[in-house]
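**Student:** Heads up: the sequence lines are chains S and H, in that order. In this text, residue positions in the first sequence follow my numbering: the first is 2, and each later residue adds one. In this text, residue positions in the second sequence follow my numbering: the first is 38, and each later residue adds one.
To be clear, the hints were calculated from the coordinates, so they are not data collected in a lab. All C-beta atoms, glycine included, are put in the ideal place defined by N, C-alpha and C. Treat the hints loosely; a few may be bogus.
Taking beta-carbon pairs under 10 Å as the criterion, some of the chain H residues facing chain S (in silico) [said to hold, decoys possible]:
#1 59
#2 71
#3 75
#4 80
#5 81
#6 102
#7 106
#8 128
#9 141
#10 147
#11 151
#12 153
#13 154
Computed list of chain S residues with no C-beta within reach of chain H, every gap over 10 Å [as the list claims (entries may be wrong)]:
#14 12
#15 33
#16 67
#17 99
#18 100
Only part of the chain S face toward chain H is listed, based on derived beta-carbon distances under 7 Å [said to hold, decoys possible]:
#19 8
#20 35
#21 40
#22 44
#23 45
#24 47
#25 102
#26 104
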Amino acid sequence: SQTIHQWPATLVQPVGSPLSLECTVEGTSNPNLYWYRQAAGRGLQLLFYSVGIGQISSEVPQNLSASRPQDRQFILSSKKLLLSDSGFYLCADRTIETQYFGPGTRLLVL
Amino acid sequence: GENVEQHPSTLSVQEGDSAVIKCTYSDSASNYFPWYKQELGKRPQLIIDIRSNVGEKKDQRIAVTLNKTAKHFSLHITETQPEDSAVYFCAASYGGLSGGGADGLTFGKGTHLIIQP
Numbered sequence: 002s003q004t005i006h007q008w009p010a011t012l013v014q015p016v017g018s019p020l021s022l023e024c025t026v027e028g029t030s031n032p033n034l035y036w037y038r039q040a041a042g043r044g045l046q047l048l049f050y051s052v053g054i055g056q057i058s059s060e061v062p063q064n065l066s067a068s069r070p071q072d073r074q075f076i077l078s079s080k081k082l083l084l085s086d087s088g089f090y091l092c093a094d095r096t097i098e099t100q101y102f103g104p105g106t107r108l109l110v111l
Numbered sequence: 038g039e040n041v042e043q044h045p046s047t048l049s050v051q052e053g054d055s056a057v058i059k060c061t062y063s064d065s066a067s068n069y070f071p072w073y074k075q076e077l078g079k080r081p082q083l084i085i086d087i088r089s090n091v092g093e094k095k096d097q098r099i100a101v102t103l104n105k106t107a108k109h110f111s112l113h114i115t116e117t118q119p120e121d122s123a124v125y126f127c128a129a130s131y132g133g134l135s136g137g138g139a140d141g142l143t144f145g146k147g148t149h150l151i152i153q154p
């Protein structure tokens with residue numbers, strides 16, 4: 002069965018600092034990968050998805066970017082964090098139809 | 038694109054009673070409808086899903102029904118227990134990994150289910 006790893010689990014960063022969140026997937030190949038953000042008490046906002054190495058699609062304009070350097074690695078980045086970037090960041094993969102979420106990274110921007 | 042509406046946003050039921058959460062979708066091409074349960078501070082977990090070739094699916098105390106004509110689907114939880122308290126999300130998508138399926142699931146805004154002892 003597949004496993005999704007995310008790190009770090011929690012992160013506290015000052016406004017204006019850079020960000021790098023990593024997601025890796027085990028037990029599957031050629032997955033579709035997704036980054037979601039969930040603000041406190043809110044729903045799931047799709048940020049980026051990727052169907053393969055180097056292929057990134059953005060769902061919303063923002064100061065975040067994503068990259069997929071390897072088949073099973075998906076990275077979320079920012080050059081300068083905003084207060085509004087605080088939230089719970091979830092990586093997900095989708096094989097056939099079912100979508101599974103990683104454990105998430107809780108980001109607090111101060 | 039797809040749009041999913043979910044109701045109610047909060048649902049409080051007595052322990053042992055049933056709970057029903059309803060969702061509607063807009064894209065008639067959608068054919069896959071999963072439900073996720075998210076406990077406080079944790080990731081959403083898939084609890085049940087249904088495909089458009091099926092009208093109902095049941096797994097112990099939970100069941101999902103789908104009405105393709107009306108474009109709505111519902112989650113039913115019977116004999117509710119305290120551990121059922123969580124936020125529940127419905128979602129919809131067109132199946133397959135290329136084309137319409139690659140952009141992932143479209144989620145409802147969630148229902149906070151509270152089980153009163």
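**Student:** Hint by hint, say whether it matches the structure.
**Tutor:** Checked hints:
no., hint, in the structure
1, 59, "16 Å, violated"
2, 71, "7 Å, holds"
3, 75, "9 Å, holds"
4, 80, "4 Å, holds"
5, 81, "5 Å, holds"
6, 102, "19 Å, violated"
7, 106, "22 Å, violated"
8, 128, "8 Å, holds"
9, 141, "5 Å, holds"
10, 147, "5 Å, holds"
11, 151, "14 Å, violated"
12, 153, "20 Å, violated"
13, 154, "23 Å, violated"
14, 12, "15 Å, holds"
15, 33, "6 Å, violated"
16, 67, "13 Å, holds"
17, 99, "6 Å, violated"
18, 100, "6 Å, violated"
19, 8, "14 Å, violated"
20, 35, "5 Å, holds"
21, 40, "12 Å, violated"
22, 44, "4 Å, holds"
23, 45, "5 Å, holds"
24, 47, "6 Å, holds"
25, 102, "4 Å, holds"
26, 104, "6 Å, holds"
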